[in-house]
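*Asks:* Each chain is listed here by its residues.
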Amino acid sequence: MENLLTLQNKSKKFASMKGRRALVNTLIYIFLTILCIVWIIPIVGILYTALRNEAGMSNLLVPPNGFTFNNFIKLFADPEFTSIYPFAKYLLNTLLVALCTMLISTLFVLSVAYTMSRLRFKARKPMMNVALIMGMFPGFMSMIATFNILKMLGVDGTLIALIMVYSGGAGAGYLIAKGFFDTISKSLDEAARIDGCNNAKIFFKIIIPLSKPIVVYTLLTSFMGPWADYIFASLILGSHTENYTVAVGLYKMISAVDTLARNYTVFFAGATVVAIPIMILFLLTQRYYVSGVTGGAVKG
Amino acid sequence: MKYADYINLTPKDQALYRINTWFKNFGHNFVQFWINLWHGIINLFKKIGRSFKKIGYAFVRGDIYTKLSFFFLGVSHIRRKQIIKGILFLCVEALFIFYMVMTGASAIVGLITLGVRPQMFGCSSSNNLYNLDFDGLSITDLRFLTSSSASLFCQTYTGDASYVTFAGDRSQLLLLFGILCVIIIVLFVAFWVSVVNDSIKVQEKAEARIHNNTFFEDIKEYLDGKFYRTLLFLPVLGIAVFTLLPIFDMIMMAFTNYDLAHSEPKMFDWVGLQNFASIFTQTGASSFGYTFWHVLGWTLIWAFCATFINYFLGMIVAMIINKKGIRFKGLWRTLLVLSIAIPQFVSLMAINKFLSQGGIVEGLLYAIGYLKNGQSIQIWQNATSARIAIIVINIWIGIPYTVLSVSGILLNIPDDLYESAQIDGTSPFRTYTKITLPYVIFVTGPSLITTFVGNINNFNVIFFLSGGGPDTLDYASAGKTDLLVTWLYTLTVNKSNYSMGSVIGILVFVVCATLSLIAYRNTSAYKNEETFA
Numbered sequence: 000m001e002n003l004l005t006l007q008n009k010s011k012k013f014a015s016m017k018g019r020r021a022l023v024n025t026l027i028y029i030f031l032t033i034l035c036i037v038w039i040i041p042i043v044g045i046l047y048t049a050l051r052n053e054a055g056m057s058n059l060l061v062p063p064n065g066f067t068f069n070n071f072i073k074l075f076a077d078p079e080f081t082s083i084y085p086f087a088k089y090l091l092n093t094l095l096v097a098l099c100t101m102l103i104s105t106l107f108v109l110s111v112a113y114t115m116s117r118l119r120f121k122a123r124k125p126m127m128n129v130a131l132i133m134g135m136f137p138g139f140m141s142m143i144a145t146f147n148i149l150k151m152l153g154v155d156g157t158l159i160a161l162i163m164v165y166s167g168g169a170g171a172g173y174l175i176a177k178g179f180f181d182t183i184s185k186s187l188d189e190a191a192r193i194d195g196c197n198n199a200k201i202f203f204k205i206i207i208p209l210s211k212p213i214v215v216y217t218l219l220t221s222f223m224g225p226w227a228d229y230i231f232a233s234l235i236l237g238s239h240t241e242n243y244t245v246a247v248g249l250y251k252m253i254s255a256v257d258t259l260a261r262n263y264t265v266f267f268a269g270a271t272v273v274a275i276p277i278m279i280l281f282l283l284t285q286r287y288y289v290s291g292v293t294g295g296a297v298k299g
Numbered sequence: 000m001k002y003a004d005y006i007n008l009t010p011k012d013q014a015l016y017r018i019n020t021w022f023k024n025f026g027h028n029f030v031q032f033w034i035n036l037w038h039g040i041i042n043l044f045k046k047i048g049r050s051f052k053k054i055g056y057a058f059v060r061g062d063i064y065t066k067l068s069f070f071f072l073g074v075s076h077i078r079r080k081q082i083i084k085g086i087l088f089l090c091v092e093a094l095f096i097f098y099m100v101m102t103g104a105s106a107i108v109g110l111i112t113l114g115v116r117p118q119m120f121g122c123s124s125s126n127n128l129y130n131l132d133f134d135g136l137s138i139t140d141l142r143f144l145t146s147s148s149a150s151l152f153c154q155t156y157t158g159d160a161s162y163v164t165f166a167g168d169r170s171q172l173l174l175l176f177g178i179l180c181v182i183i184i185v186l187f188v189a190f191w192v193s194v195v196n197d198s199i200k201v202q203e204k205a206e207a208r209i210h211n212n213t214f215f216e217d218i219k220e221y222l223d224g225k226f227y228r229t230l231l232f233l234p235v236l237g238i239a240v241f242t243l244l245p246i247f248d249m250i251m252m253a254f255t256n257y258d259l260a261h262s263e264p265k266m267f268d269w270v271g272l273q274n275f276a277s278i279f280t281q282t283g284a285s286s287f288g289y290t291f292w293h294v295l296g297w298t299l300i301w302a303f304c305a306t307f308i309n310y311f312l313g314m315i316v317a318m319i320i321n322k323k324g325i326r327f328k329g330l331w332r333t334l335l336v337l338s339i340a341i342p343q344f345v346s347l348m349a350i351n352k353f354l355s356q357g358g359i360v361e362g363l364l365y366a367i368g369y370l371k372n373g374q375s376i377q378i379w380q381n382a383t384s385a386r387i388a389i390i391v392i393n394i395w396i397g398i399p400y401t402v403l404s405v406s407g408i409l410l411n412i413p414d415d416l417y418e419s420a421q422i423d424g425t426s427p428f429r430t431y432t433k434i435t436l437p438y439v440i441f442v443t444g445p446s447l448i449t450t451f452v453g454n455i456n457n458f459n460v461i462f463f464l465s466g467g468g469p470d471t472l473d474y475a476s477a478g479k480t481d482l483l484v485t486w487l488y489t490l491t492v493n494k495s496n497y498s499m500g501s502v503i504g505i506l507v508f509v510v511c512a513t514l515s516l517i518a519y520r521n522t523s524a525y526k527n528e529e530t531f532a
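Those protein sequences? They're chains A and B, same order as listed. Numbering that gives the first Met the number 0 applies: residue 0 is where the first sequence begins, and numbers increase by one. Numbering that gives the first Met the number 0 applies: residue 0 is where the second sequence begins, and numbers increase by one.
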């Protein structure tokens, strides 16, 4: 009898717990929905502004002239606009720079990471310390000096200069990839060595194929960097408008008061065009990105 | 204090004890850091000394070919049938000497003087009737320091005001070439030492009738034993040219008076520690000293808020998403991560425009009746509201990063910990504070310092959101929301005050290095790096 009572009590308690859990979960769903709505509001705002049928900035919630795709068309096909801001050319420039940077920096990063993770030599620790110390200088401090070096090499204002700046120092950002290589078992190397592989073969034939997540992560981040960079691009390209990347071009569209009044909605159309490929790329490769971020976090 | 004693303290005493030890260790670690740095430098010199000892040995022990190698690199190698290698060494030496004679020597002089010949002007008219003898110079040779005095003089004496410009020394390039030359000399000395050491080695090997590698075998070695050199060559070259050289250049600039008044065509000069002194001694409003401390203060507040608010809020969101029984985990995560996926210059500039005067948020505030007609939104015009807006908007960018990194860690917490807590009837709050939080902090703790340093240097958020504004006359070329890095950017790019910009860069480095080295040295990842794999 007593047992039965406790059992009943228990099932009652269980039922109430179940009810409470359902309530908690409902609250959580509401919270998450609100959170996600807040999160995509700026993105919706960009699209909303891009579709407005007007030129300048407006604080009217509903556009008086309705919606249109003209801003996108203007960006690529309006001869009057494209003669000042050749947006398609900007896109092409950016794509070229980003692709070259992606390939070169990935090569650099993986080489350095593999060397520091697997190979042992006298200068290894000192080199790692130098990289650590170097990383603590603000990157913007040396911008002017970098610019002078590019001038010295005679490439300032060109796309090659941009590629050199973005990928030249890339090797210093090797830590995350090194953390990944550290987790690949060393016995693989030893087995390969017994089978007669040299270090070069071990790197290209064994370690790289095993490191798909980190390779994709490195490719992704080194592509996104140049795609979205404004600061270095604007300094290096200066007045060479024909070499502008999208970031510099878009910034110039709304940098002055009069251009702002003319190009505000076109800027947002351009921003959408720039953001969409990156967003798709990012979402497709999200899981690799997660492994990169967490890998870095765990290693510190 | 033993752990048993510590666990018996009240929570308040425990907290006090921890704070106390943190500060005690801080001092100790700080001192330790500089001591280690000192030891590092001494070791470096010891190593240099040792390598010279080896050279002495090589000189005493070497035969005539090895001794000749001291002056003509590679002679010893050629004698031991390593002909290609020997010729390559000789070529490098010849190149170095050629470089030193052609430009190197003058580059060193240029580094010391930073230019002696200012830009000058002279009369361009060759058809001059008044070819006066003026201190032994003809008028066409006369040179003037300013263009106006030249044109006046030429007008008076030759009847033609036009003048020609004689370019002066360019301090900026002299500094760069000088540093490059010093680097080349240091590299060549290192190269010389290693070749001389190698010379005695090949001699001894030949004497002992041990096989010396052929050129082909040497090349093959670069794919195996010396593979690290092959892999590192290009990346290190890139880092040297595009990171190290600029950093050296800018560090040197901090000791010059390179600003707008001394930029080309004028020259700048060495001033020693004067720039640093002005940061630490000036206290008046709109001086660099005053601005530095205020901007530093806001930088630290910003870095603290940006790091910890994002960290804890992100952790809570991550836990909610990863809670058992919540569905569509992937969807929630993806929607949040969208804010990382958009290039920052796009999203931040858009938000800046939405929140500024005449933007859509203003319209929204009109619509809900918060703003009356004629009023306008003042977020970026007011220091406090601009600062709060920046921190809040940064949450939008920062939380997804924390969610991504914490999600993986949360999945790794052993389930039995939670089960036993549930059996003991622990409340969800206690489970969070006693299991989840310590676990996550343990794993992600070290990365918090990295994030903190990253936020000190967080350029994009400030630059695109507020541009450092609202501007104020109290600061020297800085606005109320400027961080040290954005201030540095304004000083160098807009105000051409390169020397002050470099000083600030160096001080940012000191702040970041002190913070992160102290934290980094205490992590197991640094101490037991070898045992990780």
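Rather than coming from a laboratory, the hints here were simulated on the basis of the structure. A couple of the hints might just be wrong.
Said to hold, decoys possible - Which residues of chain B face chain A? A few of them, derived with a C-beta cut under 8 Å, are: (1) PHE226; (2) TYR227; (3) ILE238; (4) LEU244; (5) GLY324; (6) ILE341; (7) ASN351; (8) LYS352; (9) LEU354; (10) GLU361; (11) LEU363; (12) PRO437; (13) THR491; (14) PHE508; (15) ALA512.
C-beta atoms are modelled at their ideal positions from N, C-alpha and C, and glycine is treated no differently.
*Asks:* Decide, hint by hint, whether the structure agrees.
*Replies:* Structure-based check of each hint:
Because the smallest distance between the Cβ of PHE226(B) and any Cβ of chain A comes to about 4 Å, under 8 Å, the interface hint for this residue holds. Among the interface hints, the one on TYR227(B) holds; its C-beta lies about 4 Å from the nearest C-beta in chain A, closer than the 8 Å criterion. Interface hint status for ILE238(B): upheld, as the beta-carbon distance to the closest one in chain A is roughly 5 Å, under 8 Å. Taking 8 Å as the C-beta contact cut-off toward chain A, the hint placing LEU244(B) at the interface holds, the least distance being around 6 Å.
The criterion of a C-beta within 8 Å of any C-beta in chain A is met by GLY324(B), whose closest approach is roughly 6 Å, and the hint holds. For ILE341(B), the suggested interface contact is upheld, since its CB lies about 5 Å from the closest CB of chain A, less than 8 Å. With a least beta-carbon distance of about 10 Å to chain A, the hint placing ASN351(B) at the interface is violated under the 8 Å criterion. The interface hint given for LYS352(B) is met, as the beta carbon of that residue sits about 7 Å from the closest beta carbon of chain A, less than 8 Å.
A least Cβ separation of about 10 Å between LEU354(B) and chain A goes past the 8 Å threshold, and the interface hint is therefore violated. Against a cut-off of 8 Å between C-beta atoms, the interface hint on GLU361(B) holds, since the closest Cβ of chain A lies about 4 Å away. Proximity of LEU363(B) to chain A holds as hinted, the smallest CB-CB distance being about 6 Å (cut-off 8 Å). Taking 8 Å as the C-beta contact cut-off toward chain A, the hint placing PRO437(B) at the interface is violated, the least distance being around 16 Å.
Evaluation of the THR491(B) hint against chain A yields a held restraint, the C-beta minimum of about 5 Å falling below 8 Å. At a threshold of 8 Å, the smallest CB-CB gap from PHE508(B) to chain A is about 5 Å, leaving the interface hint in force. The interface hint given for ALA512(B) holds, since its Cβ lies 5 Å from the closest Cβ of chain A, which is under the 8 Å cut-off.
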